[in-house]
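Based on the hints, put chain B in the right spot on chain A.
Chains as they are written, first to last, in the working numbering: chain A, 1 to 282; chain B, 1 to 264.
Rather than coming from a laboratory, the hints here were simulated on the basis of the structure. Even for Gly, the Cβ is constructed at its ideal location relative to N, Cα and C. Among the clues, some could well be false.
Here are some, though not all, of the chain B residues that point toward chain A, as calculated from beta-carbon distances under 7 Å [unchecked claim]:
#1 G66
#2 G69
#3 A142
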Amino acid sequence: MADIVSLADGVGELVRDGDVVALEGFTHLIPHAAGQEIIRQGRKDLTLVRMTPDIVYDQLIGAGCARKLIFSWGGNPGVGSLHRFRDAVQHAWPVPLEIEEHSHAGMANRYVAGASGLPFAVLRGYRGTDLPEHTATIKWITCPFTGEELAAVPAINPDVSIIHAQRADRAGNVQMWGLVGVQKEAVLAAERSLVTVEEVVDELEPVAGQVVLPHWAVTAVAEVPGGAHPSYAQGYSERDNAYYKYWDSIGRDRDTFRTWVRDEVLAGRSATETTGDKEGVR
Amino acid sequence: MTGAASTTAVSGAQPEYTSDEMMSIAAARALENGKRCFVGIGLPSTAANVARRTHAPDLVLIYESGTLGSKPDVLPSSIGDGVLAETADAVIGVPEVFNYWLQPGRIDVGFLGAAQLDRFGNINTTVIGDDYTDPKVRLPGAGGAPEIAASCREVFVVVRQSARSFVDKVDFVTSVGHGSGKGDRERLGLPGAGPTLVITDLGVLRPDPETAELVLTQLHPGVEVEDVRAATGWDLQISPDLTRTEAPTAAELSTLRTLKEASR
Numbered sequence: 001m002a003d004i005v006s007l008a009d010g011v012g013e014l015v016r017d018g019d020v021v022a023l024e025g026f027t028h029l030i031p032h033a034a035g036q037e038i039i040r041q042g043r044k045d046l047t048l049v050r051m052t053p054d055i056v057y058d059q060l061i062g063a064g065c066a067r068k069l070i071f072s073w074g075g076n077p078g079v080g081s082l083h084r085f086r087d088a089v090q091h092a093w094p095v096p097l098e099i100e101e102h103s104h105a106g107m108a109n110r111y112v113a114g115a116s117g118l119p120f121a122v123l124r125g126y127r128g129t130d131l132p133e134h135t136a137t138i139k140w141i142t143c144p145f146t147g148e149e150l151a152a153v154p155a156i157n158p159d160v161s162i163i164h165a166q167r168a169d170r171a172g173n174v175q176m177w178g179l180v181g182v183q184k185e186a187v188l189a190a191e192r193s194l195v196t197v198e199e200v201v202d203e204l205e206p207v208a209g210q211v212v213l214p215h216w217a218v219t220a221v222a223e224v225p226g227g228a229h230p231s232y233a234q235g236y237s238e239r240d241n242a243y244y245k246y247w248d249s250i251g252r253d254r255d256t257f258r259t260w261v262r263d264e265v266l267a268g269r270s271a272t273e274t275t276g277d278k279e280g281v282r
Numbered sequence: 001m002t003g004a005a006s007t008t009a010v011s012g013a014q015p016e017y018t019s020d021e022m023m024s025i026a027a028a029r030a031l032e033n034g035k036r037c038f039v040g041i042g043l044p045s046t047a048a049n050v051a052r053r054t055h056a057p058d059l060v061l062i063y064e065s066g067t068l069g070s071k072p073d074v075l076p077s078s079i080g081d082g083v084l085a086e087t088a089d090a091v092i093g094v095p096e097v098f099n100y101w102l103q104p105g106r107i108d109v110g111f112l113g114a115a116q117l118d119r120f121g122n123i124n125t126t127v128i129g130d131d132y133t134d135p136k137v138r139l140p141g142a143g144g145a146p147e148i149a150a151s152c153r154e155v156f157v158v159v160r161q162s163a164r165s166f167v168d169k170v171d172f173v174t175s176v177g178h179g180s181g182k183g184d185r186e187r188l189g190l191p192g193a194g195p196t197l198v199i200t201d202l203g204v205l206r207p208d209p210e211t212a213e214l215v216l217t218q219l220h221p222g223v224e225v226e227d228v229r230a231a232t233g234w235d236l237q238i239s240p241d242l243t244r245t246e247a248p249t250a251a252e253l254s255t256l257r258t259l260k261e262a263s264r
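Isolated chain A, as found in the complex:
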């Protein structure tokens, strides 16, 4: 049975310095509140894994929580650049950021291999591109049946995966629907998992297109209404497109970003939630 915990306790117990951490959610159901809790608790040296780093990782990277990023598309969707990500790659600010870069197809297959308990995945990808020259986790393999040469990518098995879903019941069974991205794979590939949900309910009513993660496949569930904002939870909220544009003005400048972390993230820390490093953003 998955534990029902507070967000602070869930992150405090499951995310450790130096961990490989995946926060997934493909535009929809992005676990923003959990990302900010990681900043509040001052985690560092994380290897962050995510197909689309997005605002959620721009915040973690800018706050200095990450030493490495494994990803496939690092933009602000519909707006432009992720300025904290760019600043880290181009100027090592606030700390150097190692990158391991794939395509979406490669990343999706790495999660599938991780969830499947396999060491690697094969795909018809990367051929002719400059990615294999710079990414050590892309190699070539010959099909033993046809002789076709295919790309091989290693499994991703995060120490902890964090996702946001619409609902869970009191036993910790998780229900999500709409665009479900690679969330199921990310949870099944991970050693530990934390799911933030819009609400914890007595009974999960079936919804068309739902994905259910049974309670025994999830480590902990935290009720965090609006925990995906500015992303959204279908049936609960709309994507806050204006916020994505607004983020461009915050992320663009180091000082503005630092002020944002201080006022919007660290100020959100209550006395009862206090765990870990109080230093916060460096």
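Chain B in isolation, oriented as in the chain A frame:
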């Protein structure tokens, strides 16, 4: 050109329009009704949604977030807006998008944008500068594009044209067009035909059948060959059969503007 190009021109004064509007409408016209189209966000998505509302109501829009057959009534701001899932024929996980639908060749047209494009239609969306580890500009990266460019039956690129973005050779090959020339795709084992059409705000380029180098085949109204040459970073060849794009019709413009207005 198909579809809306045959729409009767409105009589009287030509409607006013911008070069970006001409680009979106030219790109929309290139999409044939009934085709299955893998749509990138931004310019491709705009054009695909104009096409679905004009000459191509049965165009199948596929977004990499996991929607097959989306029918949005407003322009989505991202590839994962709720309206794409709510109006789709099917909503699927991301591994399925790439493994079951794209990789086996079920998609007719991959519709992509580009930060940098070269004379053989190779696309760079990764880094500007010679040194990957110390880039001048870090761009978002690959996303779905490398496999879209490899596996769709053909690829249309829609991109604003400038000497900065249209280069002799891209700094980084994120997605393969025609490699270093004719025959490269076959040698690399890439199943699709690659970029067959590049639609810009100035005109339309197509690969030369002999060399696979992009040549100018069509000029938008009011644009001259010299304008396009000045906005191209290689010695651009001009097709002997150069044609003129028909100006946007009032109906096309109103469709495009209504869509844009509704998404504000």
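Here's how the hints hold up against the structure:
1. G66: With Cβ-Cβ at 5 Å, under 7 Å, it holds.
2. G69: It is violated, given that the least Cβ distance between G69(B) and chain A is near 14 Å, above 7 Å.
3. A142: holds (4 Å)
Consistency note: the structure conflicts with earlier hint 2 alone.
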